[in-house]
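Asker: Sequence:
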Amino acid sequence: MRRTIQEELGKELEGVHPLVLERPKERKFGHYATPIAFALAKRERKSPHLIAQELAQRFVDNPIFERVEPVGGYINFKLSESFLDRYATWALEHEERFGAQEMGERIHLEFVSANPTGPLHIGHARGAVMGEALARIGRHLGNEILKEYYINDAGNQIYLLGLSIYLAAREELGLPAERPEEYYRGEYIRDLAQEAIQHFGSEAFEREEVIEELAEWGKDRMMELIRADLARVGITFDRFVSEKALYQQWDEVLALLKERGAIYERDGKLWLRSSLYGDEKDRVVVREDGRPTYLAGDIIYHYRKFQEGFDRYINIWGADHHGYIPRLKAAIKFLGFDPQRLEVLLAQMVSLLKGGEPFKMSKRAGTFILMRDVVEEMGADALKFIFLSKKSDTHLEFDIDLLQREDSSNPIYYINYAHARVHSLLDRAGKEAGELVAIPLEGLNEDAKDLLFSALLLPEVLEDAFTKREVQRLTDYLKALAAQFHSFYNKHKVIGSEYEERYLKLSLVVALSIRVGLRLLGIEAKRRM
RNA sequence: GUCCCGGUAGCUCAGCAGGAUAGAGCGUCGGAUUCCUAAUCCGAAGGUCGUGGGUUCAAGUCCCGCCCGGGACACCA
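Residue numbers (our numbering): 323 to 851.
Hints in this document: simulated from the structure, not taken from any laboratory.
Fair warning: this is a prediction, and the values are worked out from it, not measured in the lab.
Each residue gets a CB set at the ideal place from its N, CA and C atoms; glycine is no exception.
Be a bit skeptical, because a hint or two may be false.
[To be verified] With a straight-line Cα cutoff of 25 Å, these simulated DSS-like cross-link-like pairs (lysine-lysine) come out: (1) K655 / K347; (2) K333 / K400; (3) K676 / K566; (4) K813 / K801; (5) K676 / K655; (6) K815 / K801; (7) K368 / K333; (8) K676 / K603; (9) K655 / K712; (10) K469 / K801.
[To be verified] Simulated restraints on C-beta separations: (11) S404 / R549: 49 to 57 Å; (12) E509 / G556: 20 to 28 Å; (13) F522 / K566: 34 to 42 Å; (14) R380 / P762: 52 to 60 Å; (15) L598 / K368: 39 to 47 Å; (16) R549 / H808: 32 to 40 Å; (17) H808 / R554: 29 to 37 Å; (18) T326 / E768: 18 to 26 Å; (19) E534 / Y586: 57 to 65 Å; (20) E728 / E534: 15 to 23 Å.
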């Protein structure tokens with residue numbers, strides 16, 4: 323819709339000035355507006371109002387507008403009913419494809435990538451939910467998106483996982499278990515230990531040699547559990563990449579880096595000259611004992627990603643990794659690729675409240691809040707909606723108790739109720755969606771036209787949400803649309819009125835936008851409550 | 001010290017690429033149901049947009065300084 327308007331305006335105003343098209347805060351100013359005359363005032367040495375008047379003249383006969391009005395320096399455009407109706411019919415004909423586009427970008431999307439040394443906690447959930455939603459919206463808009471999970475299965479942590487299971491198992495079996503300074507604790511370790519005793523037999527825990535084996539086994543079990551947690555919230559991946567397997571390519575990548583002058587030796591270590599490309603200092607990639615650092619793995623990983631030739635790469639990381647971005651981008655540059663193709667979205671902290679009290683988590687004490695438990699408590703839909711309703715790079719605070727309530731303080735409930743109401747209207751009227759699509763919308767009051775316009779905004783909301791990576795635009799839109807529908811419903815009787823069929827068609831468009839919008843957030847709209 | 005996020009109504013937050021009188025939800029107070037789901041709606045009260053400068057026809061929005069809160073600054077992953 324916005325595109326159509328822009329094209330129409332473009333025909334008349336081309337070359338005049340870059341076109342800014344905005345939606346006025348108040349509906350009385352029309353559906354769209356442009357402050358173009360302000361910008362022209364200086365150059366033309368005329369008052370903005372005069373310029374707006376002149377420009378507005380060019381659109382008076384255009385059938386897509388009911389009214390084109392200069393106010394101050396603004397030109398306000400009000401869409402005609404016939405245009406809105408045509409667009410509504412078109413939307414209903416497209417059904418679930420409403421708002422779809424053919425953007426055609428090939429995008430590599432990496433997210434979650436939590437270490438397989440423990441279950442997913444609430445902090446992981448944010449990036450997880452965000453990645454899935456972006457992928458769904460992006461695909462709806464015609465992009466090809468590969469969802470990938472990078473498994474950090476190399477390094478000391480996996481050994482620690484094995485050790486932790488080993489110790490817990492020995493404890494369980496009544497054998498002496500000496501705790502080192504660093505190990506994983508928490509209920510899941512005890513669960514794994516019991517499972518391990520079943521699997522390996524109690525004799526296995528008499529010797530330390532089993533730790534390596536336990537580490538490997540534990541990692542696989544953890545990945546299974548993580549995948550199960552994700553699946554429960556409707557999140558899936560197209561590919562899992564193992565860090566460990568990447569190291570086969572390290573010699574090749576290191577040689578390439580050396581060739582490009584990216585590497586130097588100091589104190590017996592190999593350093594990446596990342597400060598040359600924006601990092602605050604150079605970083606070690608190979609330690610004195612010859613073991614590559616974590617960064618090395620990430621360099622290989624991104625080397626392989628970039629070799630696949632995607633148009634764009636998106637990584638969703640926890641905000642605590644933000645300092646890591648410059649060194650990775652520097653490495654990408656050294657490898658001869660364009661670091662601008664890599665976008666890192668940061669998922670900021672989540673603070674949970676329960677009954678107004680902070681719900682503290684501490685990984686060390688093993689008291690972190692599991693994503694699984696939150697899903698259990700408030701449901702996957704509410705979790706997704708609330709996590710997506712704030713920009714991912716700002717802190718999020720919410721109270722679990724609020725999300726269990728079944729009223730308007732729970733947004734997902736409120737939106738579902740609007741959707742269910744439409745279906746209840748249809749049932750009540752005994753009408754099928756199919757027989758309403760062609761009903762012409764004419765003679766509507768302002769409330770109905772406003773609601774219709776709002777319902778038709780879905781495509782541009784989706785486009786903005788995706789291209790700006792701001793999914794909260796969609797959640798905000800759905801809340802506002804639901805509110806407008808509830809208000810309309812309370813004010814205007816549908817069944818039995820002379821407008822019955824027209825209002826039903828209008829309601830269908832509202833339901834369509836809600837349904838498609840929710841689906842792209844990974845939530846299925848309810849037809850009955 | 002450097003970097004990231006934030007400071008807008010009692011609380012949680014919107015505020016688009018600078019544009020029309022700063023918005024929503026919750027909470028508070030008042031009202032609506034012989035009528036399509038009151039799981040809803042309508043109304044009211046409530047704001048020096050952290051602070052001091054600057055740019056602009058126009059600043060919550062952009063630039064600079066300062067204050068406050070949260071987080072990050074590995075040869076851990």
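Asker: If you check each hint against the structure, which ones fail?
Answerer: 1, 3, 5, 8, 9, 10, 13, 14, 15, 19 and 20
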